[in-house]
Amino acid sequence: MIDPRWLKQFMAVAHTGNITRAAEQLHLAQPAVTMTIKKLEQQLSLTLFERHQGRLHLTAEGKRLFEHSERILAALALAEQDMSALHNLEAGEVTIGIPSMLGSFYFPPLLMAFKHRYSGLSIRVEEAGTQIVLDQLLKGRLGLGIVLTSDLPAGLNGLPLLREEMVAVVAREHPFAHKQSLALTEFLGEELAVFRHGFHLREHIDDMARTLGIQPRIGFESNLIPLLKAVVRQGFAITSFLRMVVEQDQDLVPISFDTPYFLDLCLAWPKDRRLSRAEQAFIAFIREQNRGALQHNKQTVIT
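Residues in the sequence shown are numbered consecutively from 186, following my numbering.
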């Protein structure tokens with residue numbers, strides 16, 4: 186039987202490509218990690234690493250073990266969280282993958298309200314693009330995550346969260362600032378400040394450019410929203426955000442595209458994974474918030 190501690194050491198070596206650095210991260214002696222890797226290879230009768238240019242690289246067999254190790258250690262972590270949360274949710278952790286725009290402009294009040302209700306629980310946010318979050322959910326690295334409803338595969342459950350418009354964003358002094366709407370060709374003809382690959386907004390821009398046969402001029406790439414805003418504010422480029430991101434920025438102007446583009450986002454979790462009580466509580470909390478928002482909207486319409 187493989188000791189889970191061996192798998193943790195194996196994954197640390199795989200991540201760092203170096204036994205000494207892996208040992209330092211794990212606060213273990215370097216000879217102990219070396220011995221663990223040897224024992225693991227002997228028990229499996231496989232070579233898990235090969236050395237190339239001074240760095241350890243996974244072999245094909247090592248990559249297979251790495252995938253299994255991720256799922257095994259994620260399941261063990263879930264079990265620990267679930268056990269710690271058995272006593273009236275006084276302990277435990279909720280880990281959720283959230284795109285940076287939602288993490289900065291939509292989720293803080295929700296997370297604080299949840300924390301206020303379940304003060305004994307801890308919340309860990311993994312910030313990444315929706316495509317990366319989706320991949321991590323499918324690989325068992327995340328229990329909860331925010332993804333596009335349109336991308337939801339059969340292996341995930343989804344709870345509708347919100348619909349938000351994707352808009353072009355320009356400086357108030359930009360020639361486009363007084364436009365009511367913007368054609369994609371006009372947008373793509375400007376120098377752009379965009380997210381890196383792995384974020385839906387970046388992939389959407391690239392897809393539209395390919396469809397129209399336009400080579401976009403990418404002047405700035407960053408996943409830092411304040412940096413992208415600063416670049417646009419200074420007039421060096423334009424960008425595209427969810428409308429909520431610039432609603433409070435007086436010096437930035439959101440412009441709808443000629444064909445308005447909306448993103449439907451949902452809270453997702455794997456169907457074949459048993460949820461911890463803390464995760465169940467978070468899902469129930471989001472359902473409750475959705476019902477409250479729906480009821481508020483109905484009252485507003487009636488009024």
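Be careful, since some hints might not be right.
Quick list of in silico lysine-lysine cross-link-like pairs, DSS-like style, CA-CA up to 27 Å [said to hold, decoys possible]:
#, residue 1, residue 2
1, Lys300, Lys193
2, Lys456, Lys193
3, Lys414, Lys324
4, Lys414, Lys456
5, Lys300, Lys456
Ranges between beta-carbon positions, derived for each pair [as the list claims (entries may be wrong)]:
#, residue 1, residue 2, range
6, Arg428, Thr232, 51 to 59 Å
7, Thr205, Arg249, 41 to 49 Å
8, Arg395, Lys300, 39 to 47 Å
9, Ser230, Lys456, 30 to 38 Å
10, Gly420, Arg249, 44 to 52 Å
11, Gln465, Gln365, 43 to 51 Å
12, Thr205, Val310, 17 to 25 Å
Derived from the structure by calculation, the hints contain no laboratory data.
From the three backbone atoms N, C-alpha and C, an ideal C-beta is built for every residue, glycine too.
Cross-check of the supplied hints:
1. Lys300 to Lys193: Judged against 27 Å, a Cα distance of about 30 Å means the pair is violated.
2. Lys456 to Lys193: Roughly 26 Å separates the two Cα atoms, so the pair holds.
3. Lys414 to Lys324: Measuring from Cα to Cα gives roughly 33 Å; hence the hint is violated.
4. Lys414 to Lys456: Distance ~38 Å between Lys414 and Lys456 Cα, so the pair is violated.
5. Lys300 to Lys456: holds, 25 Å
6. Arg428 to Thr232: 51 to 59 Å: This hint holds: roughly 53 Å between Cβ atoms.
7. Thr205 to Arg249: 41 to 49 Å: violated, 25 Å
8. Arg395 to Lys300: 39 to 47 Å: Since Arg395 and Lys300 have Cβ atoms about 43 Å apart, the given range 39 to 47 Å holds.
9. Ser230 to Lys456: 30 to 38 Å: Roughly 35 Å apart at Cβ, these two residues keep to the hinted range, so it holds.
10. Gly420 to Arg249: 44 to 52 Å: At roughly 51 Å between Cβ atoms, Arg249 and Gly420 fall inside 44 to 52 Å, so the hint holds.
11. Gln465 to Gln365: 43 to 51 Å: holds, 46 Å
12. Thr205 to Val310: 17 to 25 Å: Distance hint for Thr205, Val310 is violated at roughly 31 Å.
Checked against the numbered hints given earlier, the structure breaks hints 1, 3, 4, 7 and 12 and satisfies all the rest.
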